[in-house]
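K.L.:
Modelling step: build the complete structure from the supplied sequences, incorporating the hints.
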Amino acid sequence: MAKVFERPKSLVDMQTHYCPGCTHGIIHRLIAEVMDELNFADRAIGVAPVGCAVLGYLYFTCDMQEAAHGRAPAVATGIKRVVPDGVVFTYQGDGDLASIGCAEIVHAAARGENITTIFVNNGIYGMTGGQMAPTTLPGDKTSTSPYGRDTKKQGFPIRVSEMLSTLDGPAYVARVSVHTVPHIIRARRAIKKAFQYQIAGQGFTLVEVLSTCPTNWGLTPLEALDKLAKDMLPYYPLGEYKDIEAGAKQ
Amino acid sequence: MGERVLMKGNEAIAEAAIQAGCRFFFGYPITPQNELPEYMSRRMPQVEGTFVQAESEVAAINMVYGASGAGARVMTSSSSPGISLKQEGISYMAGAELPAVIVNIVRGGPGLGSIQPSQGDYFQAVKGGGHGDYRLIVLAPANLQEAVDLVTEAFDLADLYRNPVLILGDGLLGQMMEPVEFRPGTKRELPPKTWATTGTRHHVGSKSVINSLVLDAPGLENHNLRLQAKYARIAQDEQKAELLHCTDAEVVVVAYGSTARIAKTAIGNLRQLGHKVGLLRPITLWPFPVHAFQEVIPHAKTFLTVEMSSGQLVEDVRLTVNGARPVHYYGRMGGMVPTHEEISAECLKVLGGAR
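Quick mapping for you: the protein sequence lines, in order, are chains A and B. Okay, so the first sequence: first residue is 1 according to the working numbering, each after it adds one. Okay, so the second sequence: first residue is 1 according to the working numbering, each after it adds one.
For the record, the hints were derived by calculation from the structure and aren't laboratory data. There's no promise every hint is true.
Unchecked claim - Covered by chain A, per the in silico footprint, the following chain B stretches (three or more residues, Cβ under 8 angstroms): (1) 48-54; (2) 60-74; (3) 171-178; (4) 279-292.
The structure presented is a predicted model; accordingly, all values stated were derived computationally and were not measured. For every residue, glycine included, the Cβ atom is placed at its ideal position computed from N, Cα and C.
P.N.:
As structure tokens, then:
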């Protein structure tokens with residue numbers, strides 16, 4: 001009987017520490033599938049963040065570095081300059097990238113650093129127990145916005161893809177989601193394109209992946225997927241915000 | 001090679017790094033070390049090296065982390081407030097055991113302080129600086145030739161022990177001009193960087209991970225014990241100090257860097273007047289040159305520590321002398337540089353007390 005589905009070769013055969021229903025597993029898998037398809041695992045060097053994916057360095061078969069909180073794009077810059085023919089990627093959450101690491105991501109993008117960032121946006125600090133993130137939606141309750149995010153006091157969420165797409169450095173910036181199978185397929189396509197652009201030396205690439213956190217959202221996995229579709233999609237529209245091949249925003 | 005050239009301290013340190021095989025530099029502007037990154041920005045392209053002006057000192061040290069983790073000889077430089085910002089990255093590098101050379105051209109503090117020379121970062125340099133139990137190897141040159149020689153040594157020590165090395169200068173050393181000669185140092189046998197993340201194509205069958213996270217307590221304690229054993233080896237084998245007129249000295253002045261140089265003038269003058277004064281100059285601030293003290297203590301009547309700080313070096317001198325002899329302190333702060341007359345006067349005061 002032919003095997004039609006199996007673990008990607010670039011994913012280590014082990015149990016992850018992610019909560020049931022969390023979409024990190026899907027996103028890890030997509031990266032590994034693209035690594036397999038484009039056959040670059042043996043020259044890939046990944047950078048894991050601080051946050052839920054802090055143990056990400058365990059799960060990919062490629063070489064990995066674990067960065068300080070928010071500093072993954074700087075670490076990746078150092079790696080890429082030393083190993084220019086390597087395929088260097090960062091895997092970062094929203095607290096890591098959009099809060100403490102805001103300077104590092106903006107300047108890596110502005111330099112057109114030839115790396116790929118997979119930015120997982122679930123609107124909350126998962127690892128530390130559900131605090132408000134820079135991407136938490138207005139009105140959403142978290143452990144540090146227990147009355148709901150009040151934009152008068154706690155400001156507004158940051159739309160990272162839109163912000164970075166105003167820069168000249170990035171070659172590709174896209175926002176995708178993984179809440180349905182068709183979305184997962186489109187997310188995979190975007191991740192593949194980002195890596196292809198890096199391999200072709202075209203510059204900085206980032207794929208923002210809308211993701212769920214059933215545990216800290218206080219929802220079942222299915223309810224969390226519904227919330228993503230209902231609440232996140234209107235605030236964070238999907239699409240390719242920058243694509244130097246296409247020339248302009250689509 | 002073999003030729004003496006007149007150079008500014010910051011530029012001489014940069015050129016020495018290039019001569020030592022450093023091809024990656026990540027920095028951020030801050031006075032009084034700007035000539036160092038500026039020189040690197042001119043020089044690196046000539047040797048197919050990489051210069052990146054980072055968005056902050058925080059980013060610069062993390063670029064160093066990444067580059068070092070990928071196996072490169074890499075340097076960053078800054079001055080006091082910028083070095084404070086780098087402490088996070090330095091702690092991570094110590095934890096992940098990454099070699100690199102970090103230059104601190106110290107200025108007056110605390111806070112924004114001044115841009116004048118100071119030694120106020122001594123504690124930060126030798127006692128950790130960032131979080132956790134770790135040590136940096138700290139080298140303190142007193143002139144530009146020594147600075148140049150110590151840069152080569154710093155890269156070798158970093159690679160040998162897989163540990164960041166700090167060169168602790170000051171605004172005087174960074175800004176002064178002196179003739180220097182770039183000469184190859186003593187060749188050390190350095191281990192290959194089999195741990196570097198260059199892609200598994202270069203180390204088939206194994207995966208390299210650069211990391212300072214050890215979540216289980218027994219595992220992290222073991223990691224710490226291994227680090228401590230390494231630090232103990234360094235402390236035993238890598239101490240360096242200069243002894244001048246110490247065999248018959250009644251007063252031994254202890255000073256490092258620019259201050260030691262000024263102290264030398266004072267000691268020379270006092271010797272001409274027949275006073276028995278000597279100098280113990282730590283070249284490695286960590287490891288502290290305990291062996292040199294052990295050599296000197298039997299003959300010395302008393303010690304006088306001179307520093308451009310509020311009594312930081314003197315704490316290590318007292319720990320080392322451990323009550324065997326009196327230890328005095330004289331210092332200036334905030335960018336004020338002690339004169340040789342001041343140091344002579346202090347020596348005479350101490351001599352008077354010692355008799």
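K.L.:
Would you mind marking each hint as holding or not holding in the structure?
P.N.:
Cross-check of the supplied hints:
For the segment 48-54 of chain B, the proposed coverage by chain A is satisfied: 3 residues have a C-beta within less than 8 angstroms of a C-beta in that chain, meeting the threshold of three. Residues of the segment 60-74 of chain B lying with their CB closer than 8 angstroms to a CB of chain A number 13, which satisfies the three-residue condition for coverage. Only when three residues or more bring their CB closer than 8 angstroms to a CB of chain A does the claim for the segment 171-178 of chain B stand; here the count is 0, and the claim is violated. Under the rule that three or more residues need a Cβ within less than 8 angstroms of chain A, the assignment of the segment 279-292 of chain B is violated, with 0 such residues.
This entry does not satisfy hints 3, 4, going by the numbered hints stated previously.
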